[in-house]
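Number of protein chains: 2
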Amino acid sequence: MPTPVDAQARPPAPRETMSRERERAQGTFDLERLTYAMGGGESDVKLKRKFMFELERDPLFKLSDIHDLTKAEIRERTMSKFASMAYYVTNEPVAQFQQRMNVVSVADPAFWTRFGVHYGLFLGALRSGATANQMSYWMSRGVITLQGMVGCFAMTELAHGSNVAGLETTATFDDRSDEFVIHTPSVSATKWWIGGAAHSATHAAVFARLIVKGMDYGTKTFVVPLRNPKTYQLLPGIAIGDIGKKMGRDGIDNGWIQFTGVRIPRAYMLMKHAQVTREGEVREPALAQLTYGALLQGRVSMVADAAVTAKKALTIALRYAAVRRQFKTGDNPLETQLLDYPIHQRRLLPLLAQAVAMGFTSYRMTALFEEMSEELESFGSDSDEEETKAVLEKLKETHATSAGLKAFCTWNALETIEKCRASLGGHGYSAYSGLPSMYNDQAVQCTWEGDNTILTLQSGRSLVSSYADAIKGATLPGGLSYLNSLPEVLTTACPTDAAALELDTLQAGWDCVSANVVKQAHEKFEQALKSNGGITREEALELCSQERFVAAKVHASGYLFRMFREALIELASNEPADNGVVATLEKICTLYGCWAIEENAQHFLKYRFFSPSQMDAITAEVTRLCAELRNCAVLLTDSFDLSDHILNSPLGRYDGDIYNHYFAHVQAANPHEPVAPYFERVIKPLIEREDLGFDDADEIDLDEELKEIQEEREGDGEDDKEEEAEKVDKVKKTVDEPPK
Amino acid sequence: MPTPVDAQARPPAPRETMSRERERAQGTFDLERLTYAMGGGESDVKLKRKFMFELERDPLFKLSDIHDLTKAEIRERTMSKFASMAYYVTNEPVAQFQQRMNVVSVADPAFWTRFGVHYGLFLGALRSGATANQMSYWMSRGVITLQGMVGCFAMTELAHGSNVAGLETTATFDDRSDEFVIHTPSVSATKWWIGGAAHSATHAAVFARLIVKGMDYGTKTFVVPLRNPKTYQLLPGIAIGDIGKKMGRDGIDNGWIQFTGVRIPRAYMLMKHAQVTREGEVREPALAQLTYGALLQGRVSMVADAAVTAKKALTIALRYAAVRRQFKTGDNPLETQLLDYPIHQRRLLPLLAQAVAMGFTSYRMTALFEEMSEELESFGSDSDEEETKAVLEKLKETHATSAGLKAFCTWNALETIEKCRASLGGHGYSAYSGLPSMYNDQAVQCTWEGDNTILTLQSGRSLVSSYADAIKGATLPGGLSYLNSLPEVLTTACPTDAAALELDTLQAGWDCVSANVVKQAHEKFEQALKSNGGITREEALELCSQERFVAAKVHASGYLFRMFREALIELASNEPADNGVVATLEKICTLYGCWAIEENAQHFLKYRFFSPSQMDAITAEVTRLCAELRNCAVLLTDSFDLSDHILNSPLGRYDGDIYNHYFAHVQAANPHEPVAPYFERVIKPLIEREDLGFDDADEIDLDEELKEIQEEREGDGEDDKEEEAEKVDKVKKTVDEPPK
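Residue numbers (UniProt numbering), protein chains in the order written: chain A, 1 to 740; chain B, 1 to 740.
Simulated from the structure, these hints should not be mistaken for lab results.
Treat the hints with care, as some may be off.
Claimed, not checked - Partial list, computed: chain B residues near chain A (C-beta under 8 Å): (1) Asp242; (2) Cys446; (3) Pro674.
What the hints assert, rightly or not - Derived SDA-like pairs: lysine to any residue, alpha-carbon spacing no greater than 20 Å straight-line: (4) B:Lys530 to A:Thr329; (5) B:Lys419 to A:Lys62; (6) A:Lys684 to B:Asn631; (7) A:Lys50 to A:Asp68; (8) A:Lys245 to B:Glu73; (9) A:Lys213 to A:Ser162; (10) B:Lys396 to B:Asp504; (11) B:Lys213 to A:Asp6; (12) A:Lys472 to A:Asp451; (13) A:Lys213 to A:Thr145; (14) B:Lys230 to A:Lys213; (15) A:Lys684 to B:Gly473; (16) B:Lys272 to A:Met1; (17) B:Lys71 to A:Asn670; (18) A:Lys328 to A:Ala7.
C-beta atoms are modelled at their ideal positions from N, C-alpha and C, and glycine is treated no differently.
Okay, chain A solo, but in the shape it has when bound (with noise of 0.2 Å):
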């Protein structure tokens, strides 16, 4: 049915939209205490502010044009944001400088890498391996401040990442001159990803195989001069190249390295745990699991990384979807709101709950780190067995819970990036809303620093070792206590229909399905052992990696919920009871549980710990907490407290201003071309193009020509043969007879 052109409602303008959003939810929480709940206290987000607030007026922090970059110009812009940050890193609190480089790794992926290439993988390198000669000799040669050298990582090769222990490079001890020769033995040995190694580096922390005396003492670690510091010239005996184009982070310079005989002096092999005497004695350490410790920091603060990022894909998401209108629904003369729908409440505010836990959880994952990192530096050779004892358990206690947060936090990251992407329909496909670039950033940290899938192994593996000691009567710690409640713990039930939703029903659930999905794992593997003769515990291991995986997984996520709950806990002893903000967190703690619940419902039904009904309320509840969580969208990504610049993305702008904002980026980087650069070359060509004229081969009247030519054959053959002899003579008389 027509209607009159007058009379159509017109939507409000997206700004007007956004400001009833807030309006909206005006009185539901206290926005600047739930700020500081979730962004670890008033001082870190006061700070965070202002790093925010320098790094939006840093012209090389400059961010709206990033996207039309090419990759010479990111990696020279990312260069060169490395003077400013040294200068920080020399003349501000180790805590503080981590704070900022938190909030550069939100705004800056790429930078903060190739930065922490240096920072965080050389110099680490050097502190956990370098005895304090070593250490002083590397600082007077100016690697606290990049003044003369600039280090890179080499690590994993063309043909070797995860397994450091299986890589070819070799060390080889020459006594006669006191030094390593360092040599890459085939293709597959090139060092490969180097971050820093194709532009920036001038040394590198090489891992190679010590190599004394025909004897292979496995991988150690060995600073290797790459290029002379005043000119940039590779030093002799050393192959660089670029590795080119990569999914996401242009802005770090990796490069594949190779040595051939390259000399060093024995004192640049890192010599705090294994070491090679004069006359080359080798000496292992007695505990070669210290070595790896500094790696840890890197997966702890990934999980950081993960949750703001989840929160920035958010932030975007939500606001849009506050201000975009699609389809009418019922007797409104508008266009509704994509918040409105039911669907995308679901499509995101579950993933907002899941960031908030992963914000939290990460919290304690830092301070578990530094507990450890004290105790790991308080340690030394005059350590007594206890001591030995204590430290080892904690770092096993950190390996294992950092691996299975690192790789599930990383990849809940990297799915709400794409969930968001895809929520903002066409425009997610625009490398203008931030989104394209942020999945491509996010990608590799599900790779590196420990490939995810391993991980999740490594944490499923040390799963099924506590659930043996729980069987044997160990007191487990942390997140594992729900095992020292065996075997009660595995057969336990909702009490009641009525309990089903409340926050302890959740946590017993966790606990239950926890225990019996790991339980079963320990099952599998026992199984294994004993079904297959002369099998090693490796072997027995392989076989039950699939119980493994979702043992890791379901404990993942049992363990994010009960982070986020004794969060709440500590919170609500501290917290005013009126300022919205514990209730607010209350609701998003339960949407969390409920929904891991549910997107773990197989094992919940499968225990019977919730039955078919149960489960369809916790369904009910998370739709229900969705539609409730939705009139306060907009300012829980308030509370996420990030800025325009750091969003970097007009369609998750604060304002609400989207279209027009969007509309004069999209203007601004594609600047007016009157005509392709390729119309003359390419579109006149096709489009004023003739046909081949192929019709025209008619005109040669083929066919009849075909018959007289077959007539004369046939009826002079004699003549031809005759003919075509005469011709044959002609030739070979030619042919014979040199040219005068």
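Fit chain B to the given chain A structure using the hints.
Chain B in isolation, oriented as in the chain A frame:
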């Protein structure tokens, strides 16, 4: 423990490992026959091979360098391919040309789209909307051969995507001049994402609201000239810009268009359906649904494309997994092939089974679409009521089936690419692996031609309505036939533990669970209708959107299984029993059925089709089948029949020689530079910088001085005041007396 270097085992070269894989699989199945079975038959497979061979030799289809081209270069190369394809489109039978395009879509998705914008969308709009006279007019203007015009399809707007009825652009009839005035009333009405608009199109099929005498008749289609075909200058009133950088498919010149009072003749409105007479009388079509029939072709071809794309990603990942070695297990002196790890088999082989299922389903889907198209084409204004009803039923069935399949198959393909990419570890992050760009190209398939979430809900809505029909006693066709045996199907269960893994049981399970989730959605809908007074059907449908989503998801998985199985039964009657083809496909079909059940386990448990221990048996069967199919995994990738040129990934090479070719590829793509181009500008100033020298500030000796100043001030207070007064007088004088 150190080991003697001389005694170390050396792994065989990757090429050798790869040949052993093919030897190992020998005798499992007849490769050529399996290739025909999965490729749509012998003649289609041979045609496809011919096309791949042609592409490989065509310099314009060079693929190895695409990752390092700029956006401008990709755009130009993409456009260059138009000429030869335009030749084939007019010189080849339609069916054969479609086969060619199926190959092209895998080799170059951006070209496929850009070319398809003209031939699929613009020409499709003419075919379904133009009268006979209009059609011959545009044919005489060169629409078939691109000689004189190139079309684009201007539907979506900046603020309006999926809801075509909500578009803002107006086409106002001016009865004095017999013209329409095309106008963009606001920024949000800017035509957006229009492929071909930025550079190549001369004309657009514009979707705009038809306004006649102040009345709005809703969205119709108008052909609007954009550029002078001779000069490509924009016509008056047309503003066009480049949309710029996208997540993928940068070869397409997506643009935005604003119309400012652009006049077109009345005859440029497509009038097969809605019509406007010279006098301004508007005649609406009896069957508005028929207008969008042509849009379905895109969806149908996307199901086929999803299957091939998934197979392409899996070929790379499985071949890489066959030659990549990592970690030692057991007593093996060599590192283990990734493909030997149970977890790696589980990551890839179920996805392979799913890709095969999608392939078989796509053939069925294409057949259904072709039936519908034939009926639609023979349909005219002289068709009687029965014919009309038949064509509408067919359209509805095709719509509902294609909606759900388009959504889940494009999602499946996207997920498959991502999982394959991640399974390559770090190398999956290299652009040269081919997988990052596959992901970025595929992502948009989940959004355009109907956003997947919206299509899923449409599919769910159609299932709810089918359920209502079924309980009223209607007999439902094909993939919905399980609803014909209500209510028995709802309460059926796996008969015995022994029967759990049979294909018949799996089928019964899918029928039972599909019927139950559809029932649940229907009940939730009825309940929403009843318990909310005065609610519309539309609103009630929104309230059960989660249940509709779940219903559509389960139904789609079950549908893929059913189609696979039907194809298998058909094949079994034609294929010799001893060549292993049917036996192998049966395993793959069982793997798909069991794995998809595992993925949807909660429903199979909830509706008690399987007991928890039967579910464990399903899980064990997935693991077992993965291990069994591992033996012929490489040969299965061969049966997907994709050339190395099409794969364009040194890591997925047929011969397995991955490291040498990957290294050579990286070197060729990134020529050696002696130092970074920005060395003098950025790196040298950084590493040669000196400290800021704030320490020197001590030389100022400020505090002693300040004390002196203060003492002077306190001692000679009066003098100072006098001096001050003098100074003020002086200044006043200067101010009061104007300069001479």
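- request: Against the earlier hints, flag every one the structure doesn't satisfy and list their numbers going up.
  value: 5, 6, 7, 9, 10, 12, 13, 14 and 15
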